[in-house]
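Trainee: Whenever a hint applies, use it, and build me the whole structure from the sequences.
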Amino acid sequence: MSINKQKKIREEALNWSLLLEEEQSDDKIYNAFLEWLSANEANVLAWGEIEKTRAIALDSHITPMNKVDNITELQTGSPADLTSITPLGNTNTKKVSGASLKWAVALAATILMLIYIDPVLKFRVLTADFSTTAGERRQITLADGSVMHLASASAANFDETDEKRVVKLIKGTAFFHATKDKKRPFIVHHNRVQVRVTGTKFEVRSKRSGTDVAVREGEVLVANDRQKTLKPGEGTAVQAGERIRSNSNEKDISKTIKIEPQNIASWRQGKLIVDNWRAEDVLDALRNNFEGTLLISTWKYSEPRITGVFDLNTPKAALKIFAETQGWQFRELGNGIVILSQV
Amino acid sequence: MVLDLEKRDDPAFALELYRAHRQSLVLLSSSIVGCKSLAEDIVHEAFERLAQKKQSEIEKPLRYVTMTVRNLSIDLYRSQQRERKVILYSIESEKLKNIKTSEHSPEQQMAIKQDYVRFNEAVNELPNLTKKATILHLVEQLSVRAIAERLDVPVTKAYRLIKEGTSHCRDRLWAGER
Chain A
1 MSINKQKKIR EEALNWSLLL EEEQSDDKIY NAFLEWLSAN EANVLAWGEI EKTRAIALDS
61 HITPMNKVDN ITELQTGSPA DLTSITPLGN TNTKKVSGAS LKWAVALAAT ILMLIYIDPV
121 LKFRVLTADF STTAGERRQI TLADGSVMHL ASASAANFDE TDEKRVVKLI KGTAFFHATK
181 DKKRPFIVHH NRVQVRVTGT KFEVRSKRSG TDVAVREGEV LVANDRQKTL KPGEGTAVQA
241 GERIRSNSNE KDISKTIKIE PQNIASWRQG KLIVDNWRAE DVLDALRNNF EGTLLISTWK
301 YSEPRITGVF DLNTPKAALK IFAETQGWQF RELGNGIVIL SQV
Chain B
344 MVLDLEKRDD PAFALELYRA HRQSLVLLSS SIVGCKSLAE DIVHEAFERL AQKKQSEIEK
404 PLRYVTMTVR NLSIDLYRSQ QRERKVILYS IESEKLKNIK TSEHSPEQQM AIKQDYVRFN
464 EAVNELPNLT KKATILHLVE QLSVRAIAER LDVPVTKAYR LIKEGTSHCR DRLWAGER
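These protein sequence lines are chains A and B, in that order.
84 is the number that this note's numbering gives to position 84 of the first sequence; each next residue is one higher, with no gaps.
With positions in the second sequence counted from 1, the corresponding number in this note's numbering is that position plus 343.
Treat each hint with caution, since some may be false.
List of simulated lysine to aspartate or glutamate pairs, EDC-like, C-alpha gap at most 20 angstroms [unchecked claim]: (1) B/Lys-403 x A/Glu-23; (2) B/Lys-403 x A/Glu-21; (3) B/Lys-500 x A/Glu-23; (4) B/Lys-456 x A/Glu-291; (5) B/Lys-403 x A/Asp-26; (6) B/Lys-456 x A/Glu-136.
Quick caveat, the hints were computed from the structure, so don't treat them as lab data.
Note that the structure is predicted; figures quoted are calculated from it, not measured.
Mentor: Encoded structure:
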């Protein structure tokens, strides 16, 4: 679904939600609302979001509460001072100063980015067997004895049968140390990519552009085929010290690239080692480790690829270094909010 | 499900209402409580409540059931969150009181806590007036008219502020990564 279409549906849901509360709304309106709601799934999801927002608001005093009487005047020039914060992109044509306008653009861009999400993915993350939040890393021993390390902001499911052991990486990055079991291959799925192993150490990383598989020890088979379980000899073999990529917009997977095996899954030691990465992939990885809110303002990510080491234990400093080396602007707003804008 | 239509002044009407809208009301509820069978219990409950009213008491029956379903769903969602419990399933017809629960996993607890934190953060990001209007609307549940009076702004402006603030909070809660 296009961003605009999703935006429109969310706006409609909000309008309905306000209209239903009006005393004067009659049954014709409720009838029209129920028709709108049952027209398609996107409407139902958008409706659920707005209603759950109401539910959460009602209990939000569980954490330190916002009371109307406690609201003090905000400093001018802070982004919160702008009425143009509305994500609905409507009506507000209030004059703003040059500096404020800059913020407005930054926020508008950010909000545009925030609006586009995949509700199905979100649902799958929420219901995943294993998941990590921002800044959290977990080591999990699976039921078959294999060990899975989940990087920050990742989610995965595990399932085993007599024939195979299957991990579905829903989001993020995971490093596996699969136990040897010749009869039951260990299989990792991410989107359309399938990785098959009998016993080895390897990493699977989801990126915006596709899926990366890097092998630290042993060998794995990789294919763009999620239906049929790979057999020995099928797919592309990836050896220790190699990385392979499946781009989501290309049919075939890439050639293997040589990498340093000890650099694979370095995030387990709190280091992000990037080698010829796109800016957005680096920022995604840093964002996943950052417990605050990272707002990114850019129209188009710059092309030069990035190679370097970032310290994941101090993600804010890492973001600052990113900004300095890439010529971006780094601004800290307090409350854990960081804005990176491409100059 | 059979409605107790004895108490209704016009049973045919209620039944027709039920047939026509049951499905979409179940959708309405399950979008909030996240479970179809619970949603069906809630819709059942709403129609039972309608059946127990005299027709003269209820001017707008569809409004009555829709808002009852909505409010029950929001209440249930809140108790799911607040009590740190996950609702697994409900028992036939004794409905919403006899719900089997299990503890949230630490990850779920974290996600729930995160919701409240995020909401508060989102509200605090709003411009002052929008923030006031939003809190009065979402937290104190005042009507648009009452908010307009309290903030001394025209009703249309109050409406716009509420929309801006609510959609910002909604986007911060449900858009982007959790």
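Trainee: Can the restraint linking B/Lys-456 and A/Glu-291 be considered satisfied, given a maximum Cα separation of 20 angstroms?
Mentor: Roughly 14 angstroms between the alpha carbons, so the hint for B/Lys-456 and A/Glu-291 holds.
Trainee: Decide if the proposed pair is consistent with the structure: B/Lys-403 and A/Glu-23, CA atoms, cutoff 20 angstroms inclusive.
Mentor: holds, 11 angstroms
Trainee: Take a quick look at whether B/Lys-403 and A/Glu-21 sit within 20 angstroms of each other, Cα to Cα.
Mentor: The hint holds at about 13 angstroms.
Trainee: For the pair supplied as a hint, B/Lys-500 and A/Glu-23, confirm whether the alpha-carbon distance does not exceed 20 angstroms.
Mentor: holds, 19 angstroms
Trainee: Sort out whether A/Asp-26 lies within 20 angstroms of B/Lys-403, counting only the CA atoms.
Mentor: holds, 7 angstroms
Trainee: Just to be careful, I want the Cα atoms of B/Lys-456 and A/Glu-136 compared with a cutoff of 20 angstroms; is the pair within it?
Mentor: holds, 16 angstroms
The earlier numbered hints are all upheld by this structure, with none contradicted.
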